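Chains as they are written, first to last, in the working numbering: chain B, 1 to 322; chain U, 1 to 338; chain C, 1 to 575.
These are computed hints drawn from the structure, not numbers from a lab. This structure is a prediction, so every number in the text was calculated from the model and none was measured. Some clues are possibly wrong.
Computed, partial: chain B to chain U, Cβ under 7 Å [to be verified]:
1) 13
2) 18
3) 26
4) 28
5) 142
6) 143
7) 145
8) 148
9) 151
10) 155
11) 248
12) 282
13) 294
14) 305
We put the beta carbon where it would ideally sit given N, CA and C, even for glycine.
Residue strings, one per chain:
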Amino acid sequence: MIAFIAKRLSAAIFVLTSISILVFLIFFATPGVDPAARIAGRNASQETLAQVRATFDLDKPLPERYLSMMDHLFLQRDLTSYVNRGAEVWPQLIQAIPATLSLVIGASIIWLILGIGLGVTAAGMRKSWVDPAIGVVGIIGVSLPVYWLGEVVNLVTQGRLHDTAFNWVPPLGYVPLTENPGQWFLSLLFPWLTLSLLYAGIYIRVIRGEIVGLMQEDFVKTERAKGASEKRILLKHSSRMSLITVVSLFGLDFGALVGGSALLTEVVFGIQGVGRLTFTALQNFDLPLIMATVMYAAFFIVIANAIVDVLYAWLDPRVRRG
Amino acid sequence: MTDREPAVQIRSESPGQIARATLAHDRRTWIASVLLLFIVLLTLAAPLYATYISKTDPFISSINGTTVIDGKEVLVLQQSTEGLGIGVNPIGPNWRIGPYALGADNQGRDVAARLLYGGTNTLLIGFTAGFLTITIGTLLGIIAGYSGKFVDSFISRILDVIWAFPVYLLSISLSVVLLTSGFKWGPISLEAGSLYLPILIIGLVYVPYVARPIRGQVIALREREFVKAAIGSGAKNRQIIFREILPNVFPSVIVFIPMMVALAMLTESALSFLSIGVQPPDASWGTIIKDGLGLLYTRPLVALMPGLLIVVTAVSLNLLGDAVRDALDPKARMRGAL
Amino acid sequence: MMKRSKSLAALLSLAFILSACSSGADDQAGSNAQAQEGALAAYDETKAGGTLRLVAKGAAGTLDPQINYTLQFWQLYQAAYDGLLAFRKVDGPKSFEVVPDLAEALPEISNDGKTLTFTLRSGIKFSDGRDVTVADVKASFERIFKVSSPTAGGFYNGIVGADKCLATPATCKLDEGIVVDAATNKIVMNLTAADATIKYKLALPHATILPADAPSKDAGTTPIPGTGAYAFASYDPNNELKMVRNKHFVEWNRESQPAGYPDEIIYSFGLTAEAQVNAIKNDQADWMLDSIPADRLAELGTNNADQINVHTLTAMWYLPMNNNIAPFNNVKARQAVNYALDRNAMVKIFGGDQLASPACTFLPPGFPGHADFCQYTKGADTNSPATAWAEPDLEKAKALVKESGTFGQKVGIVVQDDDVNKQMGEYIQSVLNQIGYKATLKPISSNIQFTYIQNTNNKVQISLSQWYQDFPAAMDFSYILLGCESFTPGSDSSINMSGYCNKEINKRMIAAMELAVTDEAAANKEWGAIDKAIMDEAPVAVLFTPKLVDFLSKRVKNYNFSKQFYMLVSQLQVK
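With the sequences and hints as input, model every part of the structure.
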């Protein structure tokens, strides 16, 4: 067990280090992103530029700058932004976490319920019209660009029909749960629905496909031969085995979302979460903030993967020996 | 008593023939194929449409241009005359077969013509990137799942790095680099507008999405009796992979294909949001959605149409995928799915 | 001397503004100040109170007034900080005038314009309760160099001792440049040469007077105490900025620092422009910073006309062309571009002729030094210019391209990647293709495009940019953007993006700046002639003069528009 954890830990560090180095190199390889002139201000004199360079250590060689940044980011935790000077990066990130967590957890509950519920139903009723109907719903979910859907939702709820059907919809933005639970819920309702639609579509199709495939497996045939009803097979055995695919997919998706990959949803709905922070950092070419948000996201990916592996072993005993 | 019935002649068919027959009898195959063919033909007919029906060049801005509607000549971009007289709106759809059937965009170009031209780029990127993802993902998934231990760890870490990598940063950076200096590596030359760029980025980004589940399946398969038996009987790894693993993984891969193509098309539109990939004045459904978002409150059709087209294409792809998967799965046939 | 030139300047600016007014539909529809010319209406106690809610897509960087160089925050500094002088806080053309702020009166000029003597007002307190002293004044000017303010080298290098401060900012001492006497409250500023624009520079936020113990580095998100009617309470760049009434403020000069109406000002960040429009329509916000998206203009102009205010800006949208690399190192090619572009089309893209006017001159209408001429319209040329732009001349453009020998060359147009800029870029690409080039559009993130196009290493051939005035003087446009001194190859800070350097014209510009000290009228006439001479060589293509649209919620009253700093935030009434 300890060996397992140690292995996972070293793997995590490897991934995080590689990503940080890659991000650093890519940033400085891009022409035009040198922060000195942007920090110094428009039409700064050459002496001012030189001063700014020195203040921000931009005239030192790359490896030294990298180590200095990593030091300030992880050890001293006082790394400041290139764009919003004086604003420390960690507090910005930490402040943004509750909003993203609220968005992602809520959305994932919805899409799991929809995905598993409808997926199982579609598999069970595959000889009737219900199956293709649910299939179409699933496909449409997968085919809609999230940011486009979000803008259309806003067009309707905040714009066109705001005064009539949707006047209960609060203004765009995140209201902390501790501040006002009612508004928290309402302001997240449409972001939840929008975000979960895409994932529900994927999960419906994947689960249905998995179950249908499994219904033909040998061990299922054994159950049938023993006299178990289709329904019992469906619910007890196939669902459990299809969980393997669902678990690994969910691990990836949830990990990525917590790390901030719902950025377009957050931008469109004005939610001040980690995704939005990442997006702003990228638009601003603000390297310290980019580095912090990327490391944060990568951390969750790695953790999520590790957890998925453990669950895998638990769900399918045959894998434990692997 | 009656005569004995003559023995029923058993015709032996190959699995491939069975599959094709199943496919041919499946209604979904026909619906999907017709839809896909229709869309592909439409996009290929773009030059004809532009020349004979829309009669405008969809790649030239026509800010002060005019067109004839109901016998009257109207400006394609009309300044508001009500209230303060601020704002300029493109004309809306006139729903007739002719110029500006679906209206104009912000540059005064014919939306319908651009949709057709755009389809070519989107389909190209979607399919190529999708297949790239499937190929690399399946390959890595099988190798990782089957080899175990060090190779598995190594590949899994690479997948982690790819998945955790800030794709948008890479895309933005790459586009700025290419803007400045282009990229030359032997015979491969990439300009900023080259379609290879979005294809490569999208293709790589989703590799872990395919590889991890495949890897999981392969790990499970590896422990199955028939695989162990094969190993025990001394079969070589390559044979096992091709004979036992691949066919069992194949159905999952088939299901992934249409999903990945659809995801690729959607990611292409997200990248268009960031001005990477298809460059103006060329179009893709993604760039038209982006243009349309700027017109959402006045001409929602410009953003809706490409979205709809993406949906229809994705639906057909998935239907086809389902039909193919069921055709390849003999057990489905025995269930009486014919 | 100063007083005479002040009234002269006032007269001149008035004259120019009046001529601008008659040439275009300037001006607001909708709620307007009941101001007398030259002063705000008397303070109305009954309207004080409430919380003003402003929204923007993002914050504007540091809160430090001596470093921040954005219009977004300069608009707020008007209510929180003061310098020795200030721009008059009023609606209309008089807002270009400079009035005394922390100084008792405009300075006495002596020593051929090289010495300015101020007397500091007594009794003014910072928002933390301390008195403002002459020591604070000296320290503030030294701080400009210590924190490496962007304009330290550009605007304030005329102060004696500035050169040493630029070289070693950490130990900056202006003992000879700024001589203060605590007993008499006198401040004597010594310049190395007379400067006609020094009064403007002293009225900018970079010359704010701060407490002497303000940190010697960028204050970032920590507010520094100021003397204005409001103080910054908190600043979170991802969330919101809060301003509250300065408890220690007592109005000493209504012209420079008027008492404000809202009790609190909350500036929220994070909404997209569309969302901002919806927020104001739904009465969830009072004013938005970002431009109204093109697809909402007509709707708002029709349904919310009385909440919209439109004002002409002293600004321009233009295309710097790289004069040093192909194809635009050839003057005929540059002139071809000028002839080919249909300014009316670009005005349409911007939102229609109520929101912008075609432009042909480098100095915008209403600006000191502006002269009416246009060489690049149909039927005109450099020898016989017209008075204004009317129509493009594609045929002439195509002919010029052929004559220049640059036909068929590849051209990359670098623009910002937001909607309006990209739309403009697509149109420009279309036109360049029509006249014979192979044009590609290169959109780059708005945050780096400005520095990207300045650096010659990026080999930018043509780009789309905007320029807004720092202060109302011709040199702020012509000399800053096209002077030889503003061109530094290989640097991200080389604001002369065209790389234009005409030694003759440069000499004329410097002579005009010197002439302005004694005879502003003659100097402005010379700037007009210089403008024509520059545009004969067409280093850039000027496109149009934009107007600003302010969209307010229904409850907001008392809108005042300063030509220098735009909407006067502290004067809005929300009760």
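Hints, verified against the model:
no. : hint : in the structure
1   : 13   : violated, 10 Å
2   : 18   : holds, 5 Å
3   : 26   : holds, 5 Å
4   : 28   : violated, 10 Å
5   : 142  : holds, 6 Å
6   : 143  : holds, 4 Å
7   : 145  : holds, 5 Å
8   : 148  : holds, 6 Å
9   : 151  : holds, 6 Å
10  : 155  : holds, 6 Å
11  : 248  : holds, 5 Å
12  : 282  : holds, 6 Å
13  : 294  : holds, 5 Å
14  : 305  : holds, 6 Å
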